[in-house]
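Participant: The primary structure of each chain is shown beneath.
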Amino acid sequence: MQDLIVLPSINFTEVFNTKNGAIYQSDSENCWYIDFAGKLARFDYRNLLKLKKAVYNIDIEDLLLNSTKAPDLEIIFICACDHCYVLSILEIIALKELLQGTFVMLELNHIIFDRLHRIVA
Amino acid sequence: MKDIIRAKCLLSSDVETLINQQIKKEAHSSAIYLSMASWCSRNGYDFSADYFFKQAEEERMHQLKFYKYVLDMGGTAISPDVTNIKIEYNSFREVFEEALDQEINVTQSIKSIAARCHKEQDYVTLEFLNWFFREQREEEYKARRAVELFDVIGEEGTGRWQIDKHVGQIKYEGEA
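Here the protein sequences come in this chain order: A and B.
Using the working numbering, the letters of the first sequence map in sequence onto residues 1281 to 1401.
Using the working numbering, the letters of the second sequence map in sequence onto residues 10 to 185.
Each statement offered as a hint is correct.
Quick list of in silico lysine-lysine cross-link-like pairs, DSSO-like style, CA-CA up to 30 Å:
#1 B:180 with B:77
#2 A:1376 with B:11
#3 A:1330 with B:128
#4 B:77 with B:120
#5 A:1330 with B:74
#6 B:11 with A:1319
#7 B:17 with A:1376
#8 A:1349 with A:1319
#9 B:120 with B:33
#10 B:11 with A:1330
#11 A:1319 with B:17
#12 B:120 with A:1330
#13 A:1332 with B:33
#14 B:33 with A:1330
#15 B:17 with A:1332
#16 B:17 with A:1330
#17 B:128 with A:1376
#18 A:1330 with B:34
#19 A:1332 with B:11
#20 B:128 with A:1332
#21 A:1333 with B:74
#22 B:120 with B:74
#23 A:1376 with A:1349
Some residues of chain A that are not near chain B, with every Cβ distance over 10 Å (derived):
#24 1297
#25 1346
#26 1349
#27 1351
#28 1354
#29 1357
#30 1358
#31 1366
#32 1371
Taking beta-carbon pairs under 10 Å as the criterion, some of the chain B residues facing chain A (in silico):
#33 10
#34 11
#35 12
#36 13
#37 14
#38 16
#39 17
#40 18
Don't read these hints as lab results, they were simulated from the structure.
The structure displayed is predicted, hence computed values, not measured ones.
All residues carry an ideal CB built from backbone N, CA and C; glycine is no exception.
Using the sequences and the accompanying hints, generate a full structural model.
Facilitator: Okay, structure coming up:
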């Protein structure tokens, strides 16, 4: 007998993508899925903001210029979040680009909501 | 696509950051007033010490008001660390001059939050800030009046004793 596992259907909307990854929004779950560095990770509102803060706070210039022998790896660990990223400098730049684009799109979505959907005709 | 971020938080991240900075400023103010109270008490100006204790309480109350507002609007309020609080002052007058400076700084920084809110059309926060503007009117008046006492009464003879006695009686009777 064959077990049939029925997965709940989740609707994703792509928020932003680059050639290195993509971020999707799930309206039904009120969360985002980040497809980056070989995995798909779920982030809720709080964790997405914490990720943004963590990534934006990395001093990329300092990483590039310092001459210490430590490997160029950053561990992005977010409190109370199941995921953690261990990224090289190039990946950090790519993730930052992805997040920046995403937040611009989310802002744009907010503006569109204000102009189109929040109007009572 | 749903506007999830707006549903979670009314404040923009810029306004939230500014209010968190303000929370820190109010905490700092409160700590400075406490330090001033200590200096006054040590130097025999007991009425002024009481005045500064009251001011410290008020600043703490302002801090909490901002703090709760950020939380109520869905933001993240950050409990600040307060460092570099001065312990010694050169003169009785200097204490009050710094107190006035302190209040001016607070007013100016609330004004800059309001400017940002105008830019973003965040009328909700603007309305919230109105209470603080009214409060700052009183705070600045009281601080300015205290410094004025030094000129009006003069520090010669029993002047400082007189000033100390009158500081606690300063009241702002302005229209609401």
